[in-house]
Amino acid sequence: MALIQETDYGTPIRITDKIVTLIIDGEAVSVPAGTSVMAAAMMRGTQIPKLCATDSLEAFGSCRLCLVEIEGRRGTPASCTTPVEEGMVVNTQTERLADLRRGVMELYISDHPLDCLTCSANGNCELQDMAGAVGLREVRYGYGGANHLDAPKDTSNPYFTFEDSKCIVCSRCVRACEEVQGTFALTIQGRGFDSRVSPGGMDFFGSECVSCGACVQACPTATLNEKSIIALGQPEHSVITTCAYCGVGCSFKAEMKGNTVVRMVPYKGGKANEGHSCVKGRFAWGYATHKDRITKPMIRKKITDPWQEVSWKEAVDYAAGEFKRIQAQYGRDAVGGITSSRCTNEETFLVQKLVRAGFGNNNVDTCARVCHSPTGYGLKTTLGTSAGTQDFASVDDADVIVVIGANPTDGHPVFASRMKRRLRQGARLIVVDPRRIDLVKSPHIQADYHLPLKPGTNVGMINAIAHVIVTEGLVNEDYVRERCDLGDFESWARFIADERHSPEAVEDLTGVPAADVRNAARLYATGGNAAIYYGLGVTEHSQGSTMVMGMANLAMATGNIGKPGAGVNPLRGQNNVQGSCDMGSFPHEFSGYRHVSDDATRQMFEAFWGVPLQGDPGLRIPNMLDEAMAGAFKGLYIQGEDIAQSDPDTQHVTAGLAAMECIVIQDIFLNETAKYAHVFLPGSSFLEKDGTFTNAERRINRVRKVMPPLGGLADWEVTMALSNALGFAMHYKHPSEIMDEIARLTPSFAGVSYDKLDHLGSIQWPCNDAAPNGTPMMHVDRFVRGKGKFMITEFVPTEERTGPRFPLILTTGRILSQYNVGAQTRRTENSRWHEEDVLEIHPFDAENRGVLDGDLVSLESRSGEIALRAQISERMQPGVVYTTFHHAKTGANVITTDYSDWATNCPEYKVTAVQVRRTNRPSDWQARFFEEDFALKRIGPDVDAAE
Amino acid sequence: MPKLSKWDNVRAQEIIAAHASLDGPALPVLHALQMEFGYIPNDAVPLVASILNLSRAEVHGTVTFYHDFRRTPAGKHVLKLCRAEACQAMNGSEIARGLLERLGIGWGETTSDGTLTVEGVYCLGLCACAPSALFDGQPRGRLDQEMLDAVVREARGA
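In order, the protein sequences belong to chains U and Y. Positions 1 to 947 (full-length UniProt numbering) are the ones given, in order, by the first sequence. Positions 1 to 158 (full-length UniProt numbering) are the ones given, in order, by the second sequence.
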């Protein structure tokens, strides 16, 4: 294996049908029109010296190193800013050019430290390479003149340094921050000799920088460099893999020294991210080798006992023995499993296979229960498939972007950068969110309409928008007639045209001025290609599924499905939550969303697996917990989930867990749920195994092993061992064999194989005979279900009501630097940006309660009480407070309730009636948490016994 | 010199908002702020950024690019001495050095009594009367040591 070197064409590649032929250094070369001379030369393998150019950025023309001669033109134009022309004759190497380039390099080097041997960029420095390329042998100006060699170093960012003395002011970092990331946190300060790169006249950590790494990536010298490179030196080989954070699914090069990751570099060939990254994937991977990793299997009889380290065999045999005992004692259905949206498709498939075939029941569920289960239900009902309709690239063609209940700049930052680029190009933006998220207004981005609705009124809002479209004659009738079920459409149109759905009628309900709703609806219907992007603010409601169907109705009515730049697009939360759903993680569905009661499908699985399977759906997670409380559910195998922190109404969850007799946790850390576990099986991080993740655009990406599993076994091997111990044999030598089985049993994956993934890079399902290379866009000529189905979406208010005791609404969300339950990011330097969960509260509500910024406040709901710090914020509307659930000790889900989506049980995380008051101590739950955090996590010989 | 207001966030926001709808509003806004307050303090940067929907870094970059935008208040009077070629040729450097030595300040600095700020400029287009300067916006030509001392006395109200 070697270090993967990606070609840098210097300027962006243009895609057009028009081809231009020119002569470069005597040889004809044909390239797309609009290509620069520099890129055209690189396409034939000629690298013109350059410093300020790189192909992720538009040409800038400042370094004056890439000069060329063009016959018939005066002077020596810069090849980066000169587009090719038909018949152009270019010379890239002449004596005159060599002299000019050497002269330019002399100027650069006259103000640059000559410490190449000890420099952190040694071995990966474009300045050094260019000095070599132009044959620099002396600097006639000497080194004694005015210079910047004593400029101070900024080490404030935890992951990279800014060494100003090495800066050649090429502006690549400034442009990367603008063009690629869209944050505009860097500038050139001053002018002339005083020009320096600056994060706005302060240090990086205190600046607007979001630490995405685009500037570090773009820097041609050691000026912006990873601290890990400074500590470890240059990597020697790299492996292309997929990030294990959010549902964007960025491709990275894991750059390695032996088994040690030196850095993660976003891979330009990755179709989800095209060379961009965020602070999590780019830098926050240190958790993988954190000292908290549990690498030895452990068991204990009671949860109050300390954990005992045992061999893999002993742990697996004990777990299997317990499951068998429980099933013998309490019945076949007394056990179940939870698959992980952080594990690979192959691992998820094995867990549900173990449950269905090994346990012999359908008691398998996954964390998508608590996030996007309404997406699956709603989109399948209306359109026919349980996934988003577009690829990410589609946003480049959107004219109107509607963001509903999603916060892409924090939750899906790499896609947000792409969306922001399109917005800067002029696409219009509608944001439907109770909170003023960054997209509503941030540098160079401003929403045309922000509809700050009251939490819990989504369906009222979407109905009002649809009402405007139907009653103002904005329906795309040709599309509806051709593509949709007309009977359903007509009854929906009659329903929605009723005056009670008008923006005026629901104004009091949603709290949004009717005129804004009308204007936004008109913009959506008439502004060109209109794309809806949504997140958990849509799904995590008592009417989550209704809202998903409401958005699908809207898109169908305006003809915005089946073409680029349109669609209904869920921004999926976890790296493989799409995949875990695809793989049959739900109690009612086999892989590919086929119901367990479907005899033909079930018989196919029975024949292949050689065991009888149940035709009735099993238990969902909340049902498992309820049944545990009722004494009928006793054993649970959980792979890579932490339901004690992530699921709503924590005290109900932990009571259910405590009522079970055998909980097997397979995880990389001793998480909150493990406090209630009896067997701990060490999990493996994404760096330690082969497999695939499927992102929010249905893209199947390869995960590749770069180091051996710290605990000795990859997760799929652990599930296999457990299954074998249970008596249901599994024998796979490699995850590719599991994928072969998935492909064989799942029509939408029929054409997927590791060979094809290696060849194509990634595949968007469905991939089968009809679409051998996958399907970037769904529902192109017809809907998957045949005719699009309009659904009636009556607004039904949630039963969770505010009142005198609980007058405020709590809604929950995410922040950029932390991820989900924080098990990974809390074990990285990312916590420096977000050390604790805080309660965002509007100044009006704060003043009413005498709460000052930074005060400790009690947050109480009908479910429980916690204490956390208040942050007074104009982002909030009066009456609504907001927090995150990234820190276990905060216990945000102690507050949330058991209410859930009517169709899928997805919890209503986004609406909880609460009261806020000042306090001076942690809540009772938090005090107990700190005690149990010690008592239920002890490892090794019993300390009390030893004493 | 025009009467300058003390820095005031609310007034600054009004000024910025009044120019925000212009095409390319950043420079007119910065000029207006300097006109009102005599300088553009650090506090102005986030205000301008927020109202014009720019990043703080962009505003910082713009403010620091133009030497005429002050980051601290100037003295009561401002003398801009030309340091360009024609004035240098006419002994401008010598008389400037002498003045700064006598005042005990460097280029761009203000005397300790706050009366006079001396700045360098690069060509006022008054080469025919070199060495030349602007004193509180008014041209002065064919300068020598004595004339500069007279300017200082004038600044100090003597």
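No wet-lab data here; the hints were simulated from the structure. Please note that a few of the clues may not be correct.
[As the list claims (entries may be wrong)] Pairwise CB distance ranges, derived in the manner of DEER restraints: (1) Glu236(U) / Val10(Y): 53 to 63 Å; (2) Gly106(Y) / Glu27(U): 40 to 50 Å; (3) Asp17(U) / Ala20(Y): 35 to 45 Å; (4) Gly157(Y) / Glu835(U): 24 to 34 Å; (5) Asn9(Y) / Arg424(U): 28 to 38 Å; (6) Pro152(U) / Gly106(Y): 14 to 24 Å; (7) Gly137(Y) / Pro152(U): 57 to 67 Å; (8) Gly803(U) / Val10(Y): 52 to 62 Å; (9) Leu100(Y) / Asp115(U): 53 to 63 Å; (10) Gly190(U) / Lys3(Y): 29 to 39 Å.
[Stated by the list, open to error] Chain U residues, not near chain Y, derived (Cβ > 10 Å throughout): (11) Val20; (12) Asp154; (13) Phe184; (14) Ala185; (15) Gly190; (16) Gly200; (17) Gly201.
Cβ atoms here follow ideal geometry from the backbone N, Cα and C, with glycine treated the same way.
Checked hints:
The given range of 53 to 63 Å is respected by Glu236(U) and Val10(Y), whose C-beta atoms sit roughly 59 Å from each other. Under the hint 40 to 50 Å, the C-beta atoms of Gly106(Y) and Glu27(U), about 58 Å apart, miss the expected range. A hinted range of 35 to 45 Å for the beta carbons of Asp17(U) and Ala20(Y) is consistent with their spacing of about 43 Å. The hinted range of 24 to 34 Å is not satisfied by Gly157(Y) and Glu835(U), whose Cβ atoms lie roughly 56 Å apart.
Between Asn9(Y) and Arg424(U) the C-beta distance comes to about 29 Å, which sits within the given range of 28 to 38 Å. For the hinted restraint 14 to 24 Å between Pro152(U) and Gly106(Y), the CB-CB distance of approximately 22 Å keeps it satisfied. At about 37 Å, the CB distance of Gly137(Y) to Pro152(U) disagrees with the hint of 57 to 67 Å. Range check, Gly803(U) to Val10(Y): about 39 Å between beta-carbon atoms, so the 52 to 62 Å window is missed.
Distance hint for Leu100(Y) and Asp115(U): a CB-CB separation of about 37 Å, inconsistent with the stated range 53 to 63 Å. With their beta carbons about 31 Å apart, Gly190(U) and Lys3(Y) fall inside the hinted range of 29 to 39 Å. For Val20(U), the condition that its CB be more than 10 Å from all CB atoms of chain Y holds, with the nearest at approximately 35 Å. No Cβ of chain Y approaches the Cβ of Asp154(U) within 10 Å, the least distance being about 14 Å, so the stated non-interface status holds.
The Cβ of Phe184(U) does not lie farther than 10 Å from every Cβ of chain Y; its closest approach is about 4 Å, which violates its non-interface assignment. Non-interface call for Ala185(U) relative to chain Y: violated, since the shortest CB-CB distance, roughly 5 Å, does not exceed 10 Å. Consistency note on Gly190(U): stated as away from chain Y, yet its beta-carbon is not over 10 Å from all of that chain's, at 5 Å minimum. Listed as outside the interface, Gly200(U) is inconsistent with that label: its C-beta sits roughly 3 Å from the nearest C-beta of chain Y, within the 10 Å cut-off.
Interface exclusion of Gly201(U) from chain Y breaks down, the closest Cβ pair being 5 Å apart, not more than 10 Å.
This entry does not satisfy hints 2, 4, 7, 8, 9, 13, 14, 15, 16 and 17, going by the numbered hints stated previously.
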